[in-house]
Amino acid sequence: MNVTGAGSARPWPRDVLLGGILVGVFVLAALLAPWLAPCDPAAQRLEQRLEGPSAAHPLGLDELGRDILSRLLHGARVSLLVGLAVVALAGLFGGAAGALAGWAGGAVDAALMRLADVVLAFPGILLAIALVGVLGPALRHLVLALVAIGWVGYARLLRAQVLAWREREFVLAGRALGLPGWRLLVRHLLPNVLPPFLVQLSLGMAGAILAEASLSFLGLGIQPPTPSWGAMINAGRGHLLDAPHLTLVPGLAILMVVLGLSFLGDGLVELLDPERRS
Amino acid sequence: MNGSLLRRVAWTPVTALAVASAVFLLLHLVPGDPVAMMLGEGAEAAEAEQLRAELGLDRPLAEQYLRYLAGLLRGDLGSSLHFRRPVAALLGETVPATLELACAAMVAAIAVALPLGVFAASRRGRAADRLARGFALVGVSLPSFWLGPLLILAFSIGLGWLPVSGRAGPASLVLPAMTLGLGLAALLTRMVRTAVAEELGRPYVVTALARGLSRRAALWRHALPNALIPVVTVLGLQFGGLLTGAILTETIFAWPGLGRLLIQAIRLRDYPLVQGAVLLIAGIYLLVNLATDLLYARLDPRVRLGGGQPA
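Residue numbers (the working numbering), protein chains in the order written: chain A, 1 to 278; chain B, 1 to 311.
No lab work stands behind these hints: they were computed from the structure.
Small disclaimer: the values here were computed from a predicted structure and weren't measured.
Mixed in with the good hints there might be a few duds.
As the list claims (entries may be wrong) - Output of the computed footprint for chain A on chain B, the stretches with three or more beta carbons under 8 Å from beta carbons of chain A:
hint	segment
1	131-142
2	218-228
3	280-290
For each residue, glycine too, the CB sits at the ideal point set by N, CA and C.
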């Protein structure tokens, strides 16, 4: 029942290719930002503030005379890094909690799921806003807050998957053969429950990037002078009339990267689910 | 009412207590001394002691917790440090604005999603369907804090049709409701499209068509009412999304609601007000969720009669 080789003979779904290209462009931009950026993203040229696009500054300058392209490229590093960190930590903790709850059942399952219920009782990013609001705006607090609300989705998904698979014949056979529980879970069960988890990771990264930008927009996320797309939009709001590009450019970047991750998630559903493919 | 619904109703106060406890702990997560954080640098020791006593932070944690719960039962959420007024009164003044905005956004989202989703489902695989899918994808990916300024640029600054910000009459509600409602409209379009398409393929619709019922009647009279049952649940759950989305939207449009007050309170380090606002938003969400579950059971006899949720 291993799905890992299932996609090799099929053409890649269009959504995976489109999403992969979009996300790939931003990943490359983030990796190569120090070399691609024409200027230091924090360098101010107050006498040139709000200047439009030119050969030296292809996307123009912001309200403090900083190069928008450079801030956009370095902002991609921040966005993707926060997205990756949140997804990795939330996926790890949530996945482990969910697998444990589904596999162990009983009191462990009940305790973990009640904790998940409490987190889910707070709508959207309210708990993250409250946590960062109380802890203070800082990158580590932002990641911590987003992991604190993000782990639940992965936990519930993996728990449901493990519950659905734990009574399958090959698991029962493993048990009958006397294989230790951890080995059955890690070596045999987890590889089978991974496909929907991967889809969730892709969509979760889109959510984490949007959440980071939202918190930074509110002044609760990445702090200046570190560039962040959300904070760039917030700063640009005061110049909608005289320099709308300040708002337009970072917003388009967020839209593109989130769209890319959504395409990737949708495409992965198709790629990893043999029933849907047929 | 079946067993699972009764359990759901009985479980609500327990969840509410857990939420209240989590919010109580928020203040105790403040790194270092919360009183020093609230007063800022240069505060005098006597002033700090007075505030500590005012907030009850000089008492043992268990006593603070019990006093907090007793206060909640009386509707007492403490006093705002900045506004020097009861938190409950401040929240009470802002709730109508937030509910007005959330309800307007929901109505706008339904008004867009319902016809678009049905239209796409009845033309599966054709241009209209692809257009609806594109709208749904872009709609959920578009950050509201970007859409808001774009709408201001187009309709307020460019065309001069609508006010830039504030809450003064129906015209001022249009842009905030559009900004807040777009994400929900996109999600609902996708849901309605999938649900209606599924219903249209079910045997009872195929039989009705074979017996000569018009496609329009089969769609609107039979397929749509059944397709809307799961959509109602999503609407209820998404109301929470609207409440948190309102935090951003209210900030963009200077809408005098609960979300804007929360952000103001965070910036002012007015922790009692932060606690109160978070608790109220979570409380509204909890009640709307419960109401949604009860409504879902009312609409779907399979749930009401204990047959479990449909697949």
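Here's how the hints hold up against the structure:
1. Proximity of the segment 131-142 of chain B to chain A, defined as three or more residues with a beta carbon under 8 Å from a beta carbon of that chain, is established by the 5 residues found.
2. Here's how the segment 218-228 of chain B fares: 0 of its residues keep a CB closer than 8 Å to some CB of chain A, so the rule of at least three is not met and the hint is violated.
3. For the segment 280-290 of chain B, the proposed coverage by chain A is satisfied: 4 residues have a C-beta within less than 8 Å of a C-beta in that chain, meeting the threshold of three.
Comparing the model with each earlier hint shows a violation of hint 2 alone; every other hint is respected.
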